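Engineer: Line order of the protein sequences matches chains A and B.
Residues in the first sequence are numbered from 504 upward in steps of one, following the working numbering.
Residues in the second sequence are numbered from 7 upward in steps of one, following the working numbering.
Derived from the structure by calculation, the hints contain no laboratory data.
In this text, all values refer to a predicted model and were calculated from it rather than measured experimentally.
Check before you lean on any hint, since a few could be wrong.
Within a straight-line C-alpha distance of at most 35 Å, the following computed DSBU-like cross-link-like pairs (lysine-lysine) qualify [said to hold, decoys possible]:
1. A/K728 with B/K11
2. B/K130 with B/K92
3. A/K751 with A/K889
4. A/K728 with B/K38
5. B/K12 with A/K722
6. A/K604 with A/K728
7. A/K935 with A/K889
8. A/K722 with A/K935
9. A/K935 with B/K130
10. B/K12 with A/K935
Coverage of chain A stretches by chain B, computed from C-beta distances (three or more under 8 Å per stretch; other residues unrestricted) [claimed, not checked]:
11. 546-559
12. 571-581
13. 673-682
14. 956-969
Some but not every residue of chain A turned toward chain B, in silico, with C-beta under 7 Å [as the list claims (entries may be wrong)]:
15. V668
16. E725
17. A727
18. T761
19. L898
20. P900
21. V904
22. W921
23. L924
The beta carbon of each residue, even a glycine, is placed where N, CA and C say it ideally should be.
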Amino acid sequence: MLDLFLQGFAAVFSVQIFLLIVVGVAVGIVFGAVPGLTAVMAIALCLPMTYGMGPAAGISLLVALFIGATSGGLISAILLNIPGSPASIATCFDGAPMMEKGQGAKALGVGIIFSFIGTILSIVALVFIAPALAGIALSFGPHEYFAIAIFSLTLIATLSSGSMVKGVFSGVVGFVFATVGIAPVDAIPRFTFGQVELNSGFSILTVLVGVFAVAEIIKIAENAKREHGALVQSVSMKHIKGFGFSWKEFFGQLPNATRSSAIGIGIGILPGIGAGTSNIISYIVAKRRSKHPEKFGTGVIDGVVASETANNAGIGGAMIPLLTLGIPGDAVTAILLGGFMIHGIQPGPMLFITQGVLVYTIFAALILASVIMVALEFYGLRVFIKLLAIPKHILLPIILVLCAVGAFGLSSRIFDIWTILLFGLLGYGFVKAGIPPAPFIIGFILGPMAEINLRRGLMLSDGNFLGFFTNPISGVFLILAIAAVLWHIVQAYRATPPRVVEV
Amino acid sequence: MNEIKKSEVLLGIVMLSAGLLYLFLTMNLPRKGFVDAAFVPYVLALAMCALGVLQMLAGRRPSLEVPSETDAAAEGGTADYRTVLKTLGLIVAYIALLDPIGFPIITAIYLFVQFIVLTPADNKVNYRAYGLIAIVSSAVIFVTFRYGFDLLLPAGLLAGIL
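Take these sequences, add in the hints, and give me the full structure.
Structural biologist: Written out as structure tokens, the structure reads:
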């Protein structure tokens, strides 16, 4: 392992990859910080630039963007009291009051350092858990993969929305779009309407760019005319030493940070929920466990620590199922999966055997990107604050053009640009109807995995469906999936008033 | 509340219709046996129809479902659909003209007009700055991708020069 790690670090310390990681983290921070811009957009936009690079360089850039964007949300959460992304909602609760009290620099310093700690702890978890899990997953056959795909789909569909019907529908529609193209096993064209372009189905990237970037741009057009420039408050850096907090405060927060990391990693591993949920849960837990819960919300560093550690800890957590099983937990990891595939890498247990060096290069890139994140946010904060003021009506059209370029670059077809518009409209419709888009994406990705493994599994068990239940691992996952649905139905039929997150 | 319920029922009808359409398309697929290429689409089509019916029923029953994002969106005032439609029209025109006119020219035009469309009501439209940003962005993107990343974006009218 150490040997592979050394090779990984040797790769990321090459001039090209090092520079790519610096640029990736910087761009990621901007996309995380500006409300309305997301990590998915950042990765979608930079993906076409990686087409011509080798896998190690391309993937390093993508994970750097991921880390930068996850952490960047804290800047606008503290300075503007607007979360740059759902992952930093809870950062506002105490970060903004700290800013009002004139402790903005301290809040930012705490946020940056504990983002780093959360990321590193989650990478440690990734490095130790992933290879072991990959070892187990090597023995998985079609039955297990079918069951895991169904379990993941069920989990994301039931967890991602208040309405299970809408969540499941979203997942099913994603699966439906994935059935377009040549069918597995039988190899007959399905739903292609005679269009040759549709034979290979929709590219996962056009779907993601459409649903998450183009839809977002259309949505912002709704309120563009009423938009007012964000008032960015200035942070006084006078008399601030280091990161603005004392060693005593730092050590006092370690139990909180450890617990929040565990929550972030655990939730990150589960498909369907990620940093958007874990930051709030870890904030609530930190408040309950605190000796002074009444001070939460008035501007204590405990709140910022809980939220920022947990959301960044989701990074390593989410990479575990992605790398070992090829299962993305949310939209960001879904687009990372798309990036992997473009570079000819199929995540899964075999990746650890056939491409061991690449896996450890990814680990090394994650670690290096975290260090660079701290450095950039510490020294470059003023620049990022300035960028928050770039008007949206200038930024978004340029992003749309870059989305179009990215789609075109997939295989030099205008057809793919039309596809992102189609999925943009669909994503916009979902937003208007209150249907969560994440299950759609996961349905689109895991659907084909479920179908092909269903067919293969049935061939192995001579057409007997019971094979999926008698196999112990697949049986457990299928029963868990059924239990998740039943539990949700029982919850819904208790007809309790809507649960509001208590903060 | 009544409005919300009505739209929830309407959504159920849309979901059911989508399911029926997919079911119809699936029925046209050639069959080879019970579990073949049409098996999963049948399951999905039936699931969509069932979910559509459930959504219609849920829309009729209050407080069963947790209110979702639509309600939150409604609070922020009515959406400005004119700007949305103008933006969509511009995007459609942009994609349609990308090949005949070429990336550099059409991108500059699209950006310029789109900037104007999205400019907030209380901001002044600065034509000169918008024009400059549009042309520079278009040129930078074209050159970077064409020469930096070997992506042959359509040059269109400028094919002879570039």
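Engineer: Given the hinted pair B/K130 and B/K92, is their alpha-carbon gap at most 35 Å?
Structural biologist: Roughly 19 Å separates the two Cα atoms, so the pair holds.
Engineer: Are there at least three residues in the region 956-969 of chain A whose beta carbon sits under 8 Å from a beta carbon of chain B?
Structural biologist: Holds: 4 residues of the region 956-969 of chain A have a Cβ under 8 Å from chain B.
Engineer: The hint names A/V904 as touching chain B; please verify it with the least Cβ-Cβ distance against 7 Å.
Structural biologist: The hint holds - A/V904 has a Cβ within 7 Å of chain B, the shortest such distance being about 6 Å.
Engineer: Checking hints one by one. Is A/V668 an interface residue toward chain B, by the C-beta closer than 7 Å rule?
Structural biologist: holds, 5 Å
Engineer: With the threshold set at 35 Å, check whether the alpha-carbon distance from B/K12 to A/K722 stays at or below it.
Structural biologist: Given that 35 Å is the threshold and the Cα spacing comes to 22 Å, the pair holds.
Engineer: Is A/K728 within 35 Å of B/K11, Cα to Cα?
Structural biologist: Cα-Cα ~29 Å, so holds.
Engineer: Holds or violated: is the Cβ of A/W921 closer than 7 Å to a Cβ in chain B?
Structural biologist: holds, 6 Å
Engineer: Measuring from the C-beta of A/L898 to each C-beta in chain B, is the shortest one below 7 Å?
Structural biologist: Violated: closest Cβ of chain B sits about 10 Å from A/L898, beyond 7 Å.
Engineer: Check whether the Cα positions of A/K935 and B/K130 lie no farther apart than 35 Å.
Structural biologist: holds, 30 Å
Engineer: Hint A/L924 vs chain B: min CB-CB distance below 7 Å?
Structural biologist: holds, 6 Å
Engineer: Against chain B, is A/P900 within 7 Å by beta-carbon distance?
Structural biologist: holds, 4 Å
Engineer: Verify this for me: three or more residues of the region 571-581 of chain A with a beta carbon less than 8 Å from a beta carbon of chain B.
Structural biologist: violated (count 0)
Consistency note: the structure conflicts with the earlier hints numbered 4, 12, 18, 19.
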